[in-house]
Amino acid sequence: MSRAQPQPLRSAAAFFAVCGMLLAVPVVQAETGDPHEWLGRMTSAVETTNYEGTVIRITGGEAEALKVLHTVDDGVIREKLIAQEGDGLEIIRNGNEVHWILPERQSVLVEAWNDQSTLFSTLPSSDIQFGNEYDVMVVREDRVAGHKTVLIAIRPHDEYRFGHRIWLDKGTGFPLQTQLIDAEGQVLVQVKFAEITLDKKILASDLTPSYNIENFKWYNPSRREVTQVVDSPWGVDDLPVGFRMISMHEEMLPGSENAVAHLLFSDGLANVSVFIAVHDGNNFAETSNVGASNSYSILMDNYRVTAVGEVPPATVERFAMSTRSR
Amino acid sequence: MWWRMNEAIRMQLSAFVDGELPDNEAELLLRRLSQDAELRQHVAEYMAIGRAIRGDTQVAGVDGLRDRIAATIDEAPSHDDAVDEVPAGERMIRPLVGFAIAATVAVVAIFGLQRMLVIDGQAPQTANNQESSSYTEPPGDTLEDVLLREFRRKHAESAWQQRISTRLTSLEFSEDFIEIESEDKEVEAATE
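Just so you know, the sequences run in chain order W and P.
First residue of the first sequence: 14, per the working numbering; consecutive thereafter.
First residue of the second sequence: 32, per the working numbering; consecutive thereafter.
These aren't lab readings, by the way, just hints derived from the structure by calculation.
If a hint is listed, it holds; no wrong ones were tucked in.
Now the in silico label distances, taken between C-beta atoms and shown as ranges: (1) W:Ser338 to P:Met42: 42 to 52 Å; (2) P:Leu59 to W:Arg339: 35 to 45 Å; (3) W:Glu110 to P:Leu59: 30 to 40 Å; (4) W:Asn295 to P:Met42: 17 to 27 Å; (5) P:Leu59 to W:Asp100: 25 to 35 Å.
Chain P residues, not near chain W, derived (Cβ > 10 Å throughout): (6) Met42; (7) Gln43; (8) Pro53; (9) Glu56; (10) Leu59.
In this text the structure is predicted, and so the values were computed from the model without any measurement.
Note that the Cβ used here is the ideal one computed from N, Cα and C, for glycine as well.
Generate coordinates for the entire structure from the input sequences, incorporating the hints supplied.
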């Protein structure tokens with residue numbers, strides 16, 4: 014696995030940071046191995062492990078529980094998620110086709126997913142080039158959902174991104190708990206298995222809907238036209254260190270009569286989108302926050318520029334304020 | 032301020048709050064509310080003041096919306112009603128405009144108004160809770176307009192982040208669902 018080499022100034026900072034952490038947790042780290050190897054094991058475990066459990070997601074004082082059955086066969090993901098609160102929503106995935114079953118509405122929403130996103134799409138993989146922006150380290154051994162775990166910490170070097178804590182099953186590397194951490198060490202989002210059975214044999218019949226959906230109405234989200242933009246007039250002048258543009262699109266979105274430009278940036282772990290839309294004249298809030306997601310909107314000439322991401326408020330503000338038409 | 036509102040809209044709103052506005056007019060009002068942030072602000076102030084004066088804790092028009100969404104779904108044309116227009120053996124999709132727009136607008140209106148009330152600190156207070164409250168509730172999420180919600184959803188999809196959670200929270204807001212006619216039902220209908 015290759016990783017970006019640090020630049021001189023940053024390597025000094027990284028060195029002292031790593032020294033500090035080594036002093037804090039010298040013994041356990043030595044016993045529990047290379048954190049990047051653990052991330053590699055985690056990636057493999059997420060891709061290949063069958064499991065059944067109940068996962069709890071806590072953010073902003075709200076908690077939601079999902080019962081999850083997950084199996085992978087020849088690389089094809091099949092899973093069933095059942096919301097434990099609210100209206101009994103079920104999500105059934107068979108490869109790239111996903112059915113959202115809403116029993117109270119007697120409806121099924123059908124979506125095609127072209128990616129491999131799962132419950133754990135937020136987790137870093139061993140392929141991520143952390144570069145100079147994060148330190149990755151093994152902190153200690155712990156216990157989650159009755160399993161012995163190893164706690165991995167991913168700590169940012171600056172105030173422009175959040176940190177992560179990941180508890181991995183010591184036997185398999187499977188992630189049993191994750192936390193998104195702000196600069197003060199506060200937990201913004203936590204996903205944790207309350208109970209889980211790893212390597213569970215899951216039958217096809219286990220993945221069928223719990224409801225009789227014979228008479229349900231079926232729906233598709235309408236298709237949106239997406240156009241790849243090769244040379245956009247928009248760009249961001251003052252990117253925080255480590256961020257680079259990943260993609261650039263123009264597309265029609267509900268709420269906008271004109272095509273919206275969408276620029277996606279990433280540092281390998283944190284992602285920020287910048288949207289540029291013709292201003293419709295309506296008022297909008299400058300800042301907004303939902304859980305760990307922050308946004309910052311400004312009016313630039315006749316355009317509304319909005320930066321959105323699971324990053325600190327200062328980051329989206331910097332993206333929005335330094336967006337320019339070239 | 033709320034008294035600068037167009038008189039006709041204020042009358043309409045008053046009827047809506049009392050649950051007396053006809054459904055077709057209520058839908059138009061909600062649609063306008065969903066598209067006009069300034070009007071939402073005025074309405075929030077108007078409703079907060081009205082509720083404070085009356086000491087109400089219920090708003091008939093708003094509280095009935097969820098039931099009305101459910102009713103809209105129930106009233107949607109069934110597959111069997113539409114089979115004459117559907118070629119047998121071919122999967123057809125068609126917009127279900129009524130349900131989609133009603134559900135979207137209603138949910139936006141409820142959340143928009145509730146959040147506006149919290150943000151502006153104008154939530155109605157009865158004499159009782161003014162005396163007994165020893166702490167304040169934490170603020171809710173800040174106000175989001177429709178476009179911002181779309182930006183957030185699109186970002187989450189693009190970044191492959193928290194896809195499931197994003198859909199769980201954005202599912203109600205999708206205004207562009209298209210009904211799918213199942214092949215089985217079409218074949219059944221054709222053979223009857």
